[in-house]
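K.L.:
Whenever a hint applies, use it, and build me the whole structure from the sequences.
Protein chains in written order, with my numbering: chain Y, 1 to 52; chain S, 1 to 390.
If you're looking for bench data, these hints aren't it; they were derived computationally from the structure. Possibly wrong hints are sitting among the right ones.
[Said to hold, decoys possible] Computed list of chain S residues with no C-beta within reach of chain Y, every gap over 10 Å:
(1) Ile48
(2) Gly52
(3) Lys143
(4) Arg150
(5) Tyr167
(6) Arg207
(7) Pro258
(8) Val298
(9) Pro352
(10) Gly353
(11) Arg354
(12) Val368
(13) Pro379
(14) Lys381
(15) Asp383
(16) Val388
[What the hints assert, rightly or not] Taking beta-carbon pairs under 8 Å as the criterion, some of the chain Y residues facing chain S (in silico):
(17) Ala2
(18) Leu38
(19) Val51
It should be emphasised that the depicted structure is a prediction, and the values quoted were computed from it without experimental measurement. Even glycine gets a Cβ: it sits at the ideal position worked out from N, Cα and C.
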Amino acid sequence: MALVIMVAYYVLCAFLAGILFWNFIREKESREGLWLSLLVMVPLVLRLLRVK
Amino acid sequence: MAPMRHERAAKALLLAAIAALLVLGGVPLYRHRHFALPIVSGPGVTRITRLGDFCPSLKGTAGDTTVYILEGREPGGKALLMSGTHANEPAGLLADIIIVENAVVDQGTLYVIPSFNNSAGRNTRPGDGYPLYFDIPTDWGRKRFPMGNRDASPLDQWPDPDVYVHYPDRQLLSYIDARNSNRTWPGRPDGFLMERVTFAAMELMRREQVDVAVDLHGAETMFPVTNCIVAPEKSSKIAILATLTVKAAEGFDSHVEPSPPGFRGLSHREIGDHSGAAPFLLEAPIPFLDQPTGPKSVKLLLDGKDPFLLSLAGKKKLFVPYDASGWPMDKRVGQHLSVMLEILRQYSKKTPGRELIVKGVPRYADVVKNGAGRYLHDPAKADPRSVVTD
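P.N.:
In structure tokens, the structure reads:
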């Protein structure tokens with residue numbers, strides 16, 4: 001069961017990171033929006049890379 | 001919201017900044033997690049095995065770890081020496097490495113596991129500003145050790161439960177203690193990683209008929225259970241004799257604390273209840289872990305000197321004597337070694353036929369005088385076949 005949750009968590013991480021990156025690409029107006037998208041991505045990317 | 005004039009350039013710049021942040025922050029953590037600590041198998045090591053050999057479901061995981069076996073020329077008693085249960089209490093790790101690199105067993109057998117919670121040894125606590133490494137000066141240079149954390153890495157054991165239900169007693173414990181290998185004894189072979197680690201150690205003790213189990217720790221100076229031997233009923237006589245002897249012969253305190261029967265999952269309770277071994281948990285004071293200190297620096301870890309603790313000592317808020325000399329690493333390592341040796345000696349005296357006679361290990365006064373580094377061997381000059389990296 002723990003393994004299933006672990007895999008689901010990584011899928012969720014990848015999905016959220018993808019959404020955030022897509023928001024980053026599509027953002028045209030706000031520099032703050034760009035920063036926020038990228039900063040929120042940091043822990044997700046670190047987790048996907050199994051760094052921390 | 002500030003409109004962007006040069007959208008593509010701004011995005012490229014931001015991506016580069018975040019990538020730099022990821023690399024600068026991530027690479028040191030990655031290196032720390034994969035740091036290889038070389039240990040020189042000394043003249044007393046006769047066999048090396050893995051904890052996973054006692055629990056197949058542990059093999060190949062981040063919880064598996066090296067077990068050094070030191071067999072005497074004559075049969076006798078058997079002792080398991082563990083450190084790194086809490087990898088942010090590194091005096092025990094140094095003490096066990098000194099035993100692996102120097103001890104010679106005349107009678108009986110020692111099983112030594114220096115990095116008991118191998119995953120915690122590769123974890124850190126960045127929110128508390130923990131250093132990733134610390135260096136011990138030796139006669140041949142500085143030997144680098146990774147500084148770990150109390151709990152296993154969430155990369156190795158996840159998800160955390162909302163409430164940790166201890167097996168088999170079903171006592172409710174904090175969720176974080178599911179990754180604390182001193183709350184998961186006696187463990188089970190199909191449980192989560194820390195339960196498999198402790199189950200493997202229990203299997204080692206049951207199959208090898210281990211007599212004595214010593215678990216090395218460190219505790220805050222403001223915590224009442226510090227500078228002591230925690231022992232259940234079956235170990236208390238030997239613990240008392242050991243504490244009296246080190247006080248009389250070596251001049252340092254290490255009192256005895258009873259292991260509470262109602263607090264489950266701890267080595268000093270479950271090992272005795274689930275095997276024939278007599279458990280002992282040794283606590284040496286480690287000012288680094290106290291909350292009201294200055295920065296959590298390598299210096300504080302090694303010399304144990306802190307002005308805030310000194311002030312609190314003046315107000316009698318600490319549970320150990322504390323002055324400007326701090327509570328240095330060498331003192332803590334020396335205490336662990338002497339108390340361990342004394343437990344083995346007292347057990348041998350009380351149990352004819354199961355003696356444990358160990359030579360070549362420095363005691364408290366030796367380590368305080370010469371430094372722990374004097375007893376660490378240079379892996380570069382050792383026979384490569386005797387160097388183990390975990």
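K.L.:
Hint by hint, say whether it matches the structure.
P.N.:
Consistency of the hints with the structure:
no.: 1; hint: Ile48; result: holds (28 Å)
no.: 2; hint: Gly52; result: holds (18 Å)
no.: 3; hint: Lys143; result: holds (26 Å)
no.: 4; hint: Arg150; result: holds (16 Å)
no.: 5; hint: Tyr167; result: holds (14 Å)
no.: 6; hint: Arg207; result: holds (27 Å)
no.: 7; hint: Pro258; result: holds (35 Å)
no.: 8; hint: Val298; result: holds (21 Å)
no.: 9; hint: Pro352; result: holds (48 Å)
no.: 10; hint: Gly353; result: holds (45 Å)
no.: 11; hint: Arg354; result: holds (41 Å)
no.: 12; hint: Val368; result: holds (37 Å)
no.: 13; hint: Pro379; result: holds (27 Å)
no.: 14; hint: Lys381; result: holds (34 Å)
no.: 15; hint: Asp383; result: holds (35 Å)
no.: 16; hint: Val388; result: holds (25 Å)
no.: 17; hint: Ala2; result: holds (6 Å)
no.: 18; hint: Leu38; result: holds (4 Å)
no.: 19; hint: Val51; result: holds (4 Å)
Checked against the numbered hints above, the structure violates none of them.
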